[in-house]
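There are 2 protein chains.
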Amino acid sequence: MSKFWSDAIRDLTPYVPGEQPKVSNIIKLNTNENPFGPSPKVTHAIHSFESNKLRKYPDPDSTSLKNTLADYYNVSSNQVFVGNGSDEVLAHAFMAFFRQKEPLLMPTITYSFYDVYCNLYNINYEHIPLGDDFSIDLTKYQRPNGGIIFANPNAPTGKALTLDAIEGLLNTNTESVVIVDEAYVDFGAQSAVSLINKYPNILVIQTFSKSRSLAGMRVGFALGNAELIEGLERVKNSFNSYPLDMLAQDTAIAAIQDEQYFQETTQQIISTREWTTVQLESIGFNVVPSKTNFVFATHRYLPGAELMGFLRTHNILVRHFSRPGIENHLRITIGTPDEMSAFIDCLKKHPDISTLD
Amino acid sequence: MSKFWSDAIRDLTPYVPGEQPKVSNIIKLNTNENPFGPSPKVTHAIHSFESNKLRKYPDPDSTSLKNTLADYYNVSSNQVFVGNGSDEVLAHAFMAFFRQKEPLLMPTITYSFYDVYCNLYNINYEHIPLGDDFSIDLTKYQRPNGGIIFANPNAPTGKALTLDAIEGLLNTNTESVVIVDEAYVDFGAQSAVSLINKYPNILVIQTFSKSRSLAGMRVGFALGNAELIEGLERVKNSFNSYPLDMLAQDTAIAAIQDEQYFQETTQQIISTREWTTVQLESIGFNVVPSKTNFVFATHRYLPGAELMGFLRTHNILVRHFSRPGIENHLRITIGTPDEMSAFIDCLKKHPDISTLD
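Just so you know, the sequences run in chain order R and D.
In terms of numbering that gives the first Met the number 0, the first sequence has 150 at position 151, counting the first letter as 1, and numbering is strictly consecutive.
In terms of numbering that gives the first Met the number 0, the second sequence has 55 at position 56, counting the first letter as 1, and numbering is strictly consecutive.
FYI, nobody ran anything at the bench for these hints, they're computed from the structure.
Since we're looking at a predicted model, the values are computed, not measured.
Treat the hints loosely; a few may be bogus.
No copy labels: a pair is met if it fits in one copy or bridges any two.
No farther apart than 27 Å at their CA atoms in a straight line, the calculated lysine-lysine pairs in the DSSO-like style are these [stated by the list, open to error]:
#1 40 with 100
#2 197 with 2
#3 290 with 21
#4 197 with 347
#5 2 with 139
#6 139 with 55
#7 40 with 197
#8 100 with 27
#9 2 with 27
#10 2 with 348
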């Protein structure tokens, strides 16, 4: 605490990301990273980069990247916004759209950065409880609000909504912005991108950190009506003209240009997820049906914190959230087939699991 | 304008950076970029980068970069903050320190992004006029305030303050944060970094975009008392956990590690600046004494806008600001010796300059 801080800074509770251990020989299933490296086209973009160009500022509008995304998603480039990871895109969106009189609505259990943005920008918000099976019921969001945000598939549950459910909400919720955070959508859920030309108030946010294997490069984007995108540009250009460096722009373009690699790696992760789910169920876990690159699972009687500690002593990291209602769940990122075999084998060595049945 | 925007967004006037032309064969003296590429160590860092690492998130704390900067400036690593360009560092600093009851004080003529941040965060501010010679008189800032910010050397004037003048201010201004924006300090001015252990309320902000030739990579930093740095970290961690990608961190470290290249290129720019100043004075310009990588100059009788247009028709870009008081000045970035010769030769072809004397 310092007398020099603005008053509001004293009350901030910053987001705490999953641990990034500085040692190797760890199986890291705690931050939903892709187990495969980025496309060889990304490697080529980096290794053939003409470093002399770095003396100049990058294109502040990331025009080539926006055009590449517009082509890929079949939208106009003025319907595309890009930022330094989807976290920065989300931050600007909260400022641009959610500082309203009525409260922002979001699920009780979802990406925990949403609450942090609300505190940062002094946004009034309300949590809407999930169903007992962790499902989001969008009919509960049909009441006066200053905005709605949810992740689809949701995190850390991995559960997806249908496009029909989202369209049902948009049909009645016409006066505030609805943000669908699709960080994990490429692993099997339905994207709402197809709705942006039909509804002026939906903003879809995606990231290169998961399915595109570029967490280390920090690129995220939003797709929506041109007026929403203009609102984001106004905030961005009042904050930082050049959020994406030259290599971030180039590597993101290269990643989009390798559709085959994207399909292959994504399908591999989906297959491994299904295998992992079956294995976990066979040793006493309940697993929430996942459309993401992680599974959210709870053991029949072993506490989540204890399981996390047990795995950690065997150099396997998973994510555990201590908040009530999910304190016995683990969020387990889907790694390579070998990593997931090692993970399952490790669990089978737990004295209370090995004596099951 | 959109009904979906938060009210405050409607009144934003975003910052407009200098033009980044998409064609080549232009002599670009309009955005204060370094005419030399980055150090060969930067090139090596990029071309030897193991791209597979990009699947993981970068170190959210940029620990290695902070340690490298701490060693270089002989401070502790908890006195170092890093961000996505000094623009992002400034944005977080405005939020962390300047949202106060009393107004923020800044020079009438300085980096024009400061006003933009104030509008973004709803900060009350007052402009303090410069002297007729564009000097900043810090005794005028000794009155109740919620913070003080100025660039040293100032932009777009290029004029520097002495360390004694800054220390004089700090001796009396003890209750609010004083930010010294040293984007251009490496081109001949005195840095205030030596004051951060003596005064708890000074924050020095620098960038890799100018003297380190890394504008394309987006890295800036702040040095100050650990409590001020903690305030910045709180804002950063409530906004975006990972603002610096892996390559931004690696290239910035490589740039700091090549002191010889830094000294040689910086000295070359200083020599070319002095040569350019003499040449401009010989053809009827008044040039403000500069400690930066640009000169701020006005012709004895030719209007600034006309000169900018004339240069542009000859594929030379310089920056012109239309604001009253400096509307007849040009801000001219110092390029290579060849570029500056071409620039001077071009001016000598102007009919009203060639007939001088």
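Hints, verified against the model:
1. 40 with 100: neither (47 Å within a copy, 52 Å between copies)
2. 197 with 2: Between copies, since 17 Å is at most 27 Å while 50 Å is not.
3. 290 with 21: neither (30 Å within a copy, 42 Å between copies)
4. 197 with 347: Classified as neither; 50 Å inside a copy, 59 Å across copies.
5. 2 with 139: Answer is between: at 24 Å across copies they meet the 27 Å cutoff, but 43 Å inside does not.
6. 139 with 55: Neither: 50 Å inside a copy, 36 Å across copies.
7. 40 with 197: neither (35 Å within a copy, 51 Å between copies)
8. 100 with 27: neither (42 Å within a copy, 47 Å between copies)
9. 2 with 27: Answer is neither: 40 Å inside a copy and 44 Å across each miss the 27 Å cutoff.
10. 2 with 348: Neither, since 53 Å and 58 Å both go past 27 Å.
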